[in-house]
Structure formats: structure tokens, C-alpha cells
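Enquirer: Sequence:
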Amino acid sequence: METEIETAEKAPGKREARKQDRREAILAVARRMFLENGYSATSMSAISAELGGSKGTLWSYFPSKEELFGAVLDETTSAYRRQLADLLKPGEDVGATVLQFCRSFIAKVTSPEGLALHRLVVAEGSRFPEVGEIFYRRAPRATQEMLAAFFAGAMDAGALRRDDPLRAARVLASLCVGGAHQRMLWGQKPTDAEREQEAALAAEIFLRAYAPE
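First residue of the sequence shown? That's 1 in this note's numbering, and the numbers climb one at a time after it.
It is possible that some hints are incorrect.
In silico DSS-like links for lysine-lysine, alpha-carbon gap of 30 Å or less [stated by the list, open to error]:
# : residue 1 : residue 2
1 : Lys-89    : Lys-55
2 : Lys-89    : Lys-65
3 : Lys-55    : Lys-108
4 : Lys-89    : Lys-19
5 : Lys-65    : Lys-55
6 : Lys-19    : Lys-55
7 : Lys-65    : Lys-14
8 : Lys-14    : Lys-108
Computed spacing ranges between beta-carbons, pair by pair [to be verified]:
#  : residue 1 : residue 2 : range
9  : Pro-129   : Pro-63    : 17 to 25 Å
10 : Asn-37    : Glu-92    : 21 to 29 Å
11 : Ala-211   : Gln-182   : 24 to 32 Å
12 : Arg-81    : Asp-163   : 22 to 30 Å
13 : Glu-24    : Ala-107   : 21 to 29 Å
Since the hints were derived computationally from the structure, they do not count as laboratory data.
These numbers were taken from a predicted model, which means no experiment stands behind them.
Note that beta-carbon positions come from the ideal geometry of N, C-alpha and C, so glycine has one too.
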């Protein structure tokens, strides 16, 4: 039988687990409502009503809608950041890494979630500039900075032509969103084979442009 001290020691852990579960539930509901209804049409009151709790509980976790939206983006993009961290390791073959990045990035931005986020930011950004800024910090900039760090190492090793690594990262990201991503925004449905061709082409163009001199 547990002593009172042992029970008391376990209580904080249980409380933290419940808080984490509640936070994840809030993020799941907010994510769905933001993507379905847009940023402006999703209020903290509506999220609270959907959760079935008090407004005070929601505000205790996220003091503003901006912070909640940022947390949703963090949660949404965290798995991809971990994937990139595994991919963009110093010393890896540059050509193979660039090609694999193109594949993964095109898959990410052409996923239903990626397309929905893009549409949300484009639709809401002019009226709510904070939406675009939050999205940029959590998604494009984070990706480009991770890619730039890899390119900096490759340039130091002589595997890529010397240039601003962040600019090189932006070039590669731009090459990846010019094909299947745009066509899907226009309602077309490129095949997996077409996505693979576009990834290979983006990698080829980039590697030729940044070939060592």
C-alpha cells in the first residue's frame, strides 16, 4: 500500500500529464477549426465551446489567439523539423541530401494540410498580418535556416559553390514550390511520378547552379 508521501510525490506527475493531455486536446480542436474556418472566423470563444470547458481554462493555456495559432503551427510542423534534422546531417552526400530534401519538401507542401495552411495564410494575411508573420517564423524560415546550416557546412567543405547559405536555401525552396504545389492550388492533381520528376529537376537545377567552381 502506498504511503501518503508516495501518493503526494506521484500527484504532481499526474497533474502534469493531465495538463499535457488538455493542451493537446486544445491544439487538436484549434487546428481543425483554423483549417476549416480560417483564422478570422475562429474565435477563442468558439474553440472553448467546442472543447466543452470554460473560457478561463483555455485562456490559462493560451493568453491570445495569436499564441494559440503559433502553438498549432509548432505542433503541425514539429514532425517535419525532426525529419529534416535527421536528413540534414553534416558530412552527408550533398547531391543525395538535396534530392531527398526536394522529395520531402514537395510532399509536405502538397499534403492536404500543407495546402490548407497555404490557403489560410494567403486568404487571411492581408487583413491579419500577424498570421503571415507567425506562419513564416514557424514554417518557411525554420526550414530555410535548417537547410542553410547544412549548406554552410557543404560550402566550407568545398562541396558547393561559396555563397550566402540562406540565399541558397531560399533558392532551393523556391524551386520546389513552383510545380506540383502551384498546380494543386489551381485544382490539378499531379501524380506521384510527376512529383518525383519535379523533385529530381529541382535538385538538378540547384546542384548545377551551386556546383563547386
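Enquirer: Could you tell me which of the numbered hints above are not met by this structure, giving the numbers in increasing order?
Expert: The structure conflicts with hints 1, 2, 3, 4, 8 and 10, although it agrees with all the remaining ones.
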